[in-house]
Each structure stands twice: as structure tokens, then as C-alpha cells.
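Start counting the sequence shown at 533; every next residue gets the next number (our numbering).
Treat each hint with caution, since some may be false.
[As the list claims (entries may be wrong)] Okay, derived cross-link-like pairs now, EDC-like style, lysine to aspartate or glutamate, Cα gap no bigger than 16 angstroms in a straight line:
1) Lys659 with Glu629
2) Lys555 with Glu649
3) Lys555 with Glu686
[Said to hold, decoys possible] Beta-carbon label-pair distances, calculated as ranges:
4) Gly680 with Ala536: 20 to 26 angstroms
5) Glu697 with Gly568: 36 to 42 angstroms
6) Lys659 with Asp696: 33 to 39 angstroms
7) Ser569 with Trp692: 37 to 43 angstroms
8) Ser704 with Thr637: 23 to 29 angstroms
Calculated from the structure, these hints are not laboratory results.
Cβ atoms here follow ideal geometry from the backbone N, Cα and C, with glycine treated the same way.
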Amino acid sequence: MPIADAEIAAAVAAYLDRYPAEKALLAEPIELLARGSNFASRRNFDLHVTVGALLTRGGEEILLVGHRAYGIPLQPGGHLEPSDTTLMGAAVRELAEETGIDPTTVTTASATPVYVEFGRVPARPQKDEPEHFHLDLGYAFTTTGDVGSLQESEVTSAAWYRLDEAERLVGSRVWRACNPSVRIG
533 MPIADAEIAA AVAAYLDRYP AEKALLAEPI ELLARGSNFA SRRNFDLHVT
583 VGALLTRGGE EILLVGHRAY GIPLQPGGHL EPSDTTLMGA AVRELAEETG
633 IDPTTVTTAS ATPVYVEFGR VPARPQKDEP EHFHLDLGYA FTTTGDVGSL
683 QESEVTSAAW YRLDEAERLV GSRVWRACNP SVRIG
């Protein structure tokens, strides 16, 4: 059974309990989530959920991928699949698919999201997708593993970055993933 809107709303609520100052930034998706509308489906163009995996190794580096569609470095992640049963599980699945990381080497660092971002996605006619909105929920993990075979249809590269360099590239979500005092759960 696909991930229910109630689970998505609960994850956002847990995040906002920790970061209440971000409630105004997330007002629109909060309103949509309250109405319910199968936000796990990537064919819901009012809003659908994506997940990200902030994976650190040794407390000193974090894994970023070259995102093929956007042409920039980002944390691994992507759309929910009908077979996903939890948001965190979907993040681990995306991480393993895109980077070849062995999921048995991945340990959860935060039980709820360390970032939630809402943003417009340009139309992608080649995928029959009009302009739409993503609500991206990011989870923190640690590993002792390394990159394996890449999903080249989605990513162009995968590399470990020093935390300061990664934060410069992708923002404060890196700090939240790496700092145990701000992790949730």
C-alpha cells in the first residue's frame, strides 16, 4: 500500500515541532496536506512528495550526486514508488538505487526529516509532466560503506564532499544532517 497522506502530514508536523520558524514557508503544502489527495503519486501535479538522503561517513564527509536533470550536485533522492511503505525507507531505496550504496551499511541518524523543502519544478514535456510542485523530505543517515554502481539515467556522478564544501553547495540541510544536537527522534 502506498504511503498515506497522513504519514506525510505527520512527518511535516514532527519537522515543524523542531523548526517552528519554517511554518510560514510551508503554509501552502500544509494546507494541501490537510485536504488530502494522494500526495505519494508523482502524477499529482498540485503537489507530490519526494525524499532525500543525507548520508554522512565518518562524521567528516557527505555523499552528493550530480543530478542529471538539474545539472547540479544534490543529495541522493527522488520520487516515491507505489511499493514504498515508509518515507525513510523510500529515502534509503533512492540512495541505494542512485549510488549503489549497500543499504545494509546505512544507519538511520534521524527518525524524522532534517529538512523539508517546497518548490516549483519546471515542466518536463519528455516525461509528460507540466510545471508542478515538490515537497521534499530529507532524512539523515550514516554509513561505513562506499559508492557502487551509479544509476546513470538519474545521476552523472557520486562523490564524498567535506562537510563545509557540501554545505556551500546544498545549504544548511548538511549541518542539520551532521549535527546530532539538531536531529529529531
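Evaluated hints:
Proposed proximity of lysine 659 and glutamate 629 is contradicted: the alpha carbons are some 20 angstroms apart, above 16 angstroms. For the hint linking lysine 555 to glutamate 649, the alpha-carbon distance of about 11 angstroms falls within 16 angstroms, and the restraint holds. Proximity of lysine 555 to glutamate 686 is assessed by CA-CA distance (about 31 angstroms); at most 16 angstroms being required, the pair is judged violated. Checked against the given bound of 20 to 26 angstroms, the beta carbons of glycine 680 and alanine 536, roughly 32 angstroms apart, lie outside it.
Range check, glutamate 697 to glycine 568: about 40 angstroms between beta-carbon atoms, so the 36 to 42 angstroms window is met. Against the hinted window of 33 to 39 angstroms, the Cβ-Cβ separation of lysine 659 and aspartate 696 comes to about 35 angstroms, which satisfies the hint. Distance hint check: the CB atoms of serine 569 and tryptophan 692 are about 38 angstroms apart, consistent with the given range 37 to 43 angstroms. Judged by the Cβ atoms, the range 23 to 29 angstroms given for serine 704 and threonine 637 holds: they are separated by roughly 26 angstroms.
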